[in-house]
Amino acid sequence: MKYIGIALTIPYLIYLIGVSVAKAVDMPIVNPIVMISAVTGSKYIVNPQVTLIITLASTAFAGLTINTLFALGEEIGWRGLLQDELCSLIGFKVTPLVIGILWALWHAPLIIMYGYNYPHHRDAVGVVMFIIICSIWSCILSILKVRSESMIPPAVTHGTLNAIGGLMLYTIIVRDEIWGLPVGILGVVASTITLIIIYIIMLKR
Amino acid sequence: MSSVLKVATCVVVAFSLAYMLDYILYLITAGKPPILMFQISCAIRMWTPFIGVIIASFISGNVL
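Residue numbers (the numbering used here), protein chains in the order written: chain A, 1 to 205; chain B, 1 to 64.
Please keep in mind that the hints were generated in silico from the structure rather than gathered at the bench.
Predicted model, so just to flag it, every value in this text is computed and none were measured.
One or more of the hints may lead you astray.
To be verified - Some chain A residues close to chain B (C-beta under 10 Å, calculated; not the full set):
no. : residue
1   : Ala71
2   : Gly73
3   : Leu81
4   : Glu85
5   : Leu89
6   : Phe92
7   : Leu102
8   : Pro119
9   : Val174
10  : Asp176
Claimed, not checked - Stretch by stretch, here's where chain A covers chain B in the computed footprint (C-beta under 8 Å, at least three residues):
no. : region
11  : 7-13
12  : 16-27
13  : 30-44
14  : 48-56
To be verified - Pair by pair, the computed Cβ-Cβ distance ranges are:
no. : chain 1 : residue 1 : chain 2 : residue 2 : range
15  : A       : Ser42     : B       : Leu5      : 21 to 27 Å
16  : A       : Val94     : B       : Ile35     : 24 to 30 Å
17  : A       : Ile53     : B       : Ile59     : 47 to 53 Å
We put the CB at the ideal spot given by N, CA and C, even for glycine.
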């Protein structure tokens, strides 16, 4: 249970650090509910602040349930068989990076054909950026798997990241998603800081 | 079966199935899938590494 709690917290920590860094460098920050409403033309019943809180709670619920179920399909492959087998071949330090590269390349057709995550970069730039972010996330998920000795915590983090990604995207206003959250430069910075925190808390003990 | 072969099997199966799914979706929607169809495709796609693990397990004799 402890590791599931930590796993659930990680995406929100990335979000919080990302918003803090954006504020520090003077990037425009808005309530994502207002942005989503403006983009989709949908209306919110209660005020945007309350809607944001409800939405954040619902992302946690989705992250713990349906999203974890689907993320488990990936995690059994990447952090399951691949991590265990690659660790015995190339060691624990390099393994998460190799898995991160494979993980990102596995997403490559979505980026190139559909503009997934990077609608302005349906090219090598989008793929390389996703390799960088997946390598960092892979390190976080690998640490979680090793410490918890279970596939569930990495799947919870993965599922919750997928659930909260839309909110992150609409919180920091950038012209090009390569600079913002969750998969741009800001995402890289926030995820790296989170990785350092997780590393200190979980591996240095 | 060696670790290299297990890893290779899992990776090849996961990549082949995922890329094939993406290509089929691209063909039937001319590159512009409706959101629901794209999400269903992504949900199926997310289980391709698991299928890779199953096939690697069968090949190695370590059936899950």
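Going down the list of hints, with the structure as the test:
The interface hint given for A:Ala71 is met, as the beta carbon of that residue sits about 7 Å from the closest beta carbon of chain B, less than 10 Å. Evaluation of the A:Gly73 hint against chain B yields a held restraint, the C-beta minimum of about 3 Å falling below 10 Å. Against a cut-off of 10 Å between C-beta atoms, the interface hint on A:Leu81 holds, since the closest Cβ of chain B lies about 5 Å away. Contact between A:Glu85 and chain B, as hinted, is supported at the beta carbon level, the nearest pair being about 4 Å apart and thus within 10 Å.
Nearest Cβ of chain B to the Cβ of A:Leu89: about 5 Å, under the 10 Å cut. The hint holds. Taken as an interface hint, A:Phe92 does not check out: its beta carbon lies about 14 Å from the nearest beta carbon of chain B, beyond 10 Å. Annotation: A:Leu102 was flagged as interfacial toward chain B, and the flag holds, the nearest CB pair being 6 Å apart, inside 10 Å. Interface hint at A:Pro119: violated, since its Cβ lies 13 Å from the closest Cβ of chain B, which is beyond the 10 Å cut-off.
With 10 Å as the threshold, the beta carbon of A:Val174 stays out of range of chain B, its nearest partner Cβ sitting at about 22 Å, so the hint is violated. Annotation: interface hint on A:Asp176 violated; nearest CB of chain B at approximately 22 Å, more than 10 Å. By the rule of at least three residues with a Cβ nearer than 8 Å to a Cβ of chain A, the coverage given for the region 7-13 of chain B holds, with 3 such residues. Closer than 8 Å: that is the beta-carbon criterion, and the region 16-27 of chain B has 5 residues meeting it against chain A, so the requirement of 3 holds.
With 5 residues carrying a beta carbon less than 8 Å from a beta carbon of chain A, the region 30-44 of chain B meets the three-residue requirement, and the given coverage holds. With a cut-off of 8 Å between beta carbons, the region 48-56 of chain B has 6 residues touching chain A; three or more are needed, and the interface restraint holds. Checked against the given bound of 21 to 27 Å, the beta carbons of A:Ser42 and B:Leu5, roughly 51 Å apart, lie outside it. At about 38 Å, the CB distance of A:Val94 to B:Ile35 disagrees with the hint of 24 to 30 Å.
A hinted range of 47 to 53 Å for the beta carbons of A:Ile53 and B:Ile59 is consistent with their spacing of about 49 Å.
Consistency with the previously given hints fails for numbers 6, 8, 9, 10, 15, 16, ordered from lowest to highest.
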